[in-house]
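K.L.:
Given next are the chains, with one letter for each unit.
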Amino acid sequence: SSQTHTQANMERIHLLSKIATSEQHGENSPYFDGWKAYDQNPFHLTENPNGVIQMGLAENQLSLDLIEEWVAKNPKSSICTKDGISQFKDIANFQDYHGLYEFRKAIANFMGKVRGNRVTFDPDRIVMGGGATGASESLMFCLADPGDGFLVPTPYYPAFDRDLRWRTGVQLVPIICNSSNDFKITEEALESAYENAIASNIKVKGLILANPSNPLGTTTDKQTLQTLMRFINEKNIHIVCDEIYAATIFNTPEFVSISEVLQEMEQDSSNKINRELVHIIYSLSKDMGLPGFRVGILYSYNDHVVSCARKMSSFGLISSQTQLFLASILSDEEFVDGFLSESSKRLAKRHQTFTQGLEKEGITCLASNAGLFVWMDLRMLLNKPTFDEEMELWRLIINDVKLNVSPGSSFHCVEPGWFRVCFANMDDQTVDIALKRIRAFVKKGRKNERATMNNKRTKSFQKNLRLSFSSRLYDEATMMSPRMMSPHSPFARSPLVQART
Amino acid sequence: MLSSKVTCNSHGQDSSYFLGWEEYEKNPYDEVKNPNGIIQMGLAENQLSFDLLESWLENNPQPAAFKDHNNQSIFKELALFQDYHGLPAFKNALVKFMSEIRGNTVSFDTNNLVLTAGATSANETLMFCLANPGDAFLIPTPYYPGFDRDLKWRTGAEIVPIHCSSLNGFRITKSALEEAYKQAEKQNLKVKGVLVTNPSNPLGTSLSLHELDLLVNFISSKNIHLISDEIYSGTVFSYPCFTSIMEVLKNRNLMNTEIAKRVHIVYSLSKDLGLPGFRIGAIYSNDELVVSAATKMSSFGLISSQTQHLLSEILSDKKFTKSYLLENRRRLKERHEMLVKGLQKTGIRCLQSNAGLFCWVDMRHLLSSNTFEGEMELWKKIVYEVGLNISPGSSCHCSEPGWFRVCFANMSEETLILAMQRVQSFVDCMAKKSMQSRHQQLLQRNSRRSKSLPKWVFELSFNQREITADER
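Residue numbers (full-length UniProt numbering), protein chains in the order written: chain D, 1 to 501; chain A, 1 to 472.
Please keep in mind that the hints were generated in silico from the structure rather than gathered at the bench.
Quick caveat, the model's predicted, so the values are computed rather than measured.
Check the hints yourself; a few may be wrong.
[As the list claims (entries may be wrong)] Straight-line C-alpha distance at most 27 Å; calculated DSS-like pairs for lysine-lysine:
(1) A:Lys-26 / D:Lys-311
(2) A:Lys-76 / D:Lys-36
(3) A:Lys-261 / A:Lys-174
(4) A:Lys-190 / A:Lys-222
(5) D:Lys-345 / A:Lys-76
(6) A:Lys-33 / A:Lys-381
(7) A:Lys-76 / D:Lys-82
(8) D:Lys-89 / A:Lys-33
(9) A:Lys-67 / D:Lys-76
(10) D:Lys-82 / A:Lys-319
With the sequences and hints as input, model every part of the structure.
P.N.:
Encoded structure:
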């Protein structure tokens, strides 16, 4: 009977851990409606041209052809081809959590190059993780105990809620940033966040910062980084810099890594910098567009952390097959230099096409120089500056405009009306179509506006555009964040995903 | 300044299990470069059948070149594929392979399979799903030393041993199960389940039907989980056949019951296919809540798509998997016999075993004292004087001193022969050195008795040993 079934279910839930049955993974939030809409009706240029275009996935698909070309020319990089097979046995057997030396060296070199060789990285400090996801979680396990807090500037990558908190028990304390100063981190906001934590009896263990920022697409300026370094040293807490978008810089200002700031500030002993507080998270998922290969890197200037994190890497080692492949390709200096340069150009072009297309319709984005997305300002399209309104607008964009974009609230943004829109996970034609749809949506809004202008006055905080929407049923949304890594492959129709046998 | 996880040593890496490895690293045997170095016999790796895989790869170059079997490049799709549900082609091939190993007596549903970066990750993930910090899992001793780290370190879970003794070949008994449960209660630990390794590491034996039934009855009566770590299931090389816990559930008509929902299997290709570097692990569970939670957690350790694709092609080749499994087992059996016979010549017995990549060796008669100190003393002699890195039973939480796990599948035949020669010299030397005729008498008595021994290849003499109550 259904009653015994429910009872059995309840008992079973009781038999599982609290972690397993909590909602802290954040994946049951209503924000997943966007993904669902896409999954049920995914856009395809020829097969489904009216489907939902996926603009919620921060993937870098623009330069994979360069890597594919390299693969074809370098069969030895794969242990399984005739040229590489002599290495098969050793590689297949290699599960040392130190990682292949060639791999670590290649990663260290690559990281240096991405920072214009202004700093060098020590291969012995390179620790593997199961993607940046695994590396971040491990770092939290190393730096914080359950209940401890980490400060994080808003808006931030939604999956931090899962990656940093779920199994670790760590708490996140927001450093509030807003558009009045382009979402830069201020000293006041820093101190305020710290004080809030203390007031809530949360022991602050550190600060985590994504630089370049997801979702803003901006790089943190040197001065702010110096402020942060002084702050963490003063409070004797850690700084974790998630630099996974470092090579997606396509415009000035130049990227400044925390490693550079550390190097500079250390030279003046009056700065009292303790390098053991500094840690970097890296990955090849964004810079090279290889999320499938699960290349997470933890780099720490603290020997204890390196040692501990290395042991923890057993829980998410990078496949030795993949380590070998990457050691090969990243050791090819000519290829790497060419790739970084070309990838940057393509991102710049795509960014420009997209932002210019939006500007034509009166839509502005936060000025950005990095990342795979823009932080789009749609505040003027809200009837009221509330998150309810943001959600309504968002549902409209998904269902009427048929674009899956990500609402700012899912990034814990304190101002309603901002949306993250990804532009590097599609081809040029799709970008065109997305822009056309936005154009049509905006035109329709103008038409409606002229009609309603006769009845209502436009409110002062709204600019020229005001759209009247058909109302939609709105769920009571919690501030839970969706998992920004889609559980579903972007290639919903790919034979890989559809394999039946 | 750092978390308590950094400063505690629940990662277990200060144990002798790992220290032996360190010594090996400092002075590794090499046939040419370092013939007097330490021979690694502490690594449960299967290096016997790489050639079979290599030849498959030579004949099938496409998957490694990021191509499908139509020779179309799927590089882009693989590079972008990070779906935690896993590559369907790989999961399909994996469940079929798992079935094949079990003689197709059971079938597995891909919807119940969660992919993880190695069994290490699978075991930890299951703990996170089933146990709260402070909850306990019961594990029969001796057990894989890595469990201390994998199951307890970051999860905060506890392990309570189910003591098994050489008196009955280290088999799990009902009273041992009950005793362990009581112990947990005494320590105020809530027992969430039992974890067994079948076939066993370090014993090399597969669980008997009786033991499997006991386990099912036990978890049923206590309303707890059962995790069956079956990563050595493909290494069963002789009688009795491997029986998976799933088969038992099926035969007892328990498949769609609440009990079945509390049974979970851990699998990996590290031992059966000898591919530990590729980090291929899996959790199989009949409980959709566990599958759901574990799937999300697998984000912290997904299998590289490049590797999933390669393995999906290898495992889909049914002709290959059939011949590989057969040939691999044959080679393991041969190697196992070599070690057992080699040791027998020196008067050293092994627990009779039918699986795994190692033997559980009885060196109790070589102890200077029947204590764990005596075991450590002997172990150090073996590492430094004999030049073999083997794993002392205490590192596996064995309750009796004097047992050692000795691996046989991670070296060439020549190296194994050399290792046997070294053991022979050592034993001869010890026999000469021993002023106590007691040792010599023991050796003589043992060799006379061996002819009348039925199945058990070791014996326990109460006159000569005082088994201490020392439990680790």
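K.L.:
Are the hints correct? Go through all of them and say.
P.N.:
Hint by hint, here is what the structure shows:
no. : hint                  : result
1   : A:Lys-26 / D:Lys-311  : holds, 20 Å
2   : A:Lys-76 / D:Lys-36   : holds, 24 Å
3   : A:Lys-261 / A:Lys-174 : holds, 22 Å
4   : A:Lys-190 / A:Lys-222 : holds, 11 Å
5   : D:Lys-345 / A:Lys-76  : holds, 20 Å
6   : A:Lys-33 / A:Lys-381  : holds, 23 Å
7   : A:Lys-76 / D:Lys-82   : holds, 23 Å
8   : D:Lys-89 / A:Lys-33   : holds, 20 Å
9   : A:Lys-67 / D:Lys-76   : holds, 15 Å
10  : D:Lys-82 / A:Lys-319  : holds, 22 Å
In summary, the structure agrees with every hint in the numbered list given earlier.
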